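Here our numbering runs 815 ahead of the position in the sequence shown, where the first position is 1.
Simulated from the structure, these hints should not be mistaken for lab results.
As the structure is a prediction and not an experimental result, all values here were calculated from the model.
We put the beta carbon where it would ideally sit given N, CA and C, even for glycine.
Please note: incorrect hints may appear among the correct ones.
What the hints assert, rightly or not - Computed list of lysine-lysine pairs in BS3-like fashion (alpha-carbon distance at most 25 Å, straight line):
| hint | residue 1 | residue 2 |
| --- | --- | --- |
| 1 | K843 | K909 |
| 2 | K868 | K914 |
| 3 | K868 | K910 |
| 4 | K914 | K898 |
| 5 | K879 | K869 |
| 6 | K869 | K854 |
| 7 | K868 | K840 |
| 8 | K854 | K914 |
| 9 | K854 | K835 |
| 10 | K914 | K892 |
| 11 | K843 | K881 |
| 12 | K872 | K909 |
| 13 | K881 | K909 |
| 14 | K881 | K849 |
| 15 | K881 | K892 |
Stated by the list, open to error - Just the calculated beta-carbon pair ranges, DEER-fashion:
| hint | residue 1 | residue 2 | range |
| --- | --- | --- | --- |
| 16 | K910 | N870 | 11 to 21 Å |
| 17 | F911 | K869 | 30 to 40 Å |
| 18 | M816 | Y865 | 31 to 41 Å |
| 19 | P831 | K909 | 30 to 40 Å |
| 20 | K910 | R871 | 12 to 22 Å |
| 21 | D828 | K909 | 21 to 31 Å |
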Amino acid sequence: MNLYEHTIIARQDSSPSEIKQLTEKYSKIVEKSKGEIVKTENWGLLNLSYLIKKNRKGSYIHFKIKGNGNVINELEKNESIDKKLLRYFTVKVKKFDLKTNYFSKNDDPSKKESAKN
């Protein structure tokens, strides 16, 4: 089985319930295609580098997927016709980094101070 990291960017006006529905929808597509979701991360609303379909921000959802190429083909076929999505991107990787959460919000001030030193 191949390992993939797959990120989708939803429109900025998507509500949290719509984001949850998108996550569930694409998770089910992966499972129907005999793939496995190892981890799902909601990165939240982030600024885009440039305007995409008149949007300055997008809600990012990141999946770590085990499966074959058919899983990704089926996923991208469905995403290409979804009007709620701005972009999608898939990268084949050799192994997953399951420990690091790059977009977690650290609100602990003591961690911020130690990072400055």
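Given the range 30 to 40 Å, decide if the beta-carbon distance of F911 to K869 lies inside it. 34 Å Cβ-Cβ, so the 30 to 40 Å window holds.
Looking only at beta-carbon atoms, does the pair P831, K909 fall within the given range of 30 to 40 Å? Given a distance of about 33 Å, which is inside 30 to 40 Å, the answer is holds.
Holds or violated: K881 to K909, with C-alpha atoms at most 25 Å apart: Since the Cα atoms of K881 and K909 sit roughly 11 Å apart, the hinted pair holds (cutoff 25 Å).
Assess, step by step, whether the Cα of K881 is no farther than 25 Å from the Cα of K892, and give holds or violated. Cα-Cα ~18 Å, so holds.
Holds or violated: K881 and K849, Cα atoms, limit 25 Å. 9 Å, holds
Does the beta carbon distance between K910 and R871 stay inside 12 to 22 Å, or does it fall outside? 34 Å, violated
When you check the alpha-carbon spacing of K868 and K914, does it fall within 25 Å? Not OK: K868 and K914 at ~34 Å, beyond 25 Å, violated.
Is it true that the CA of K869 sits at most 25 Å from the CA of K854? 30 Å, violated
Can you confirm whether the C-alpha distance between K843 and K881 stays at or below 25 Å? 14 Å, holds
Keeping to a limit of 25 Å between CA atoms, is the pair of K868 and K840 held or broken? Holds: K868 and K840 sit about 23 Å apart, inside 25 Å.
Please verify whether K914 and K892 have alpha carbons no more than 25 Å apart. Violated, at roughly 30 Å.
Does K854 pair with K914 here, judged by a C-alpha cut-off of 25 Å? Holds, at roughly 11 Å.
Consistency note: the structure conflicts with the earlier hints numbered 2, 3, 4, 5, 6, 10, 12, 16, 20, 21.
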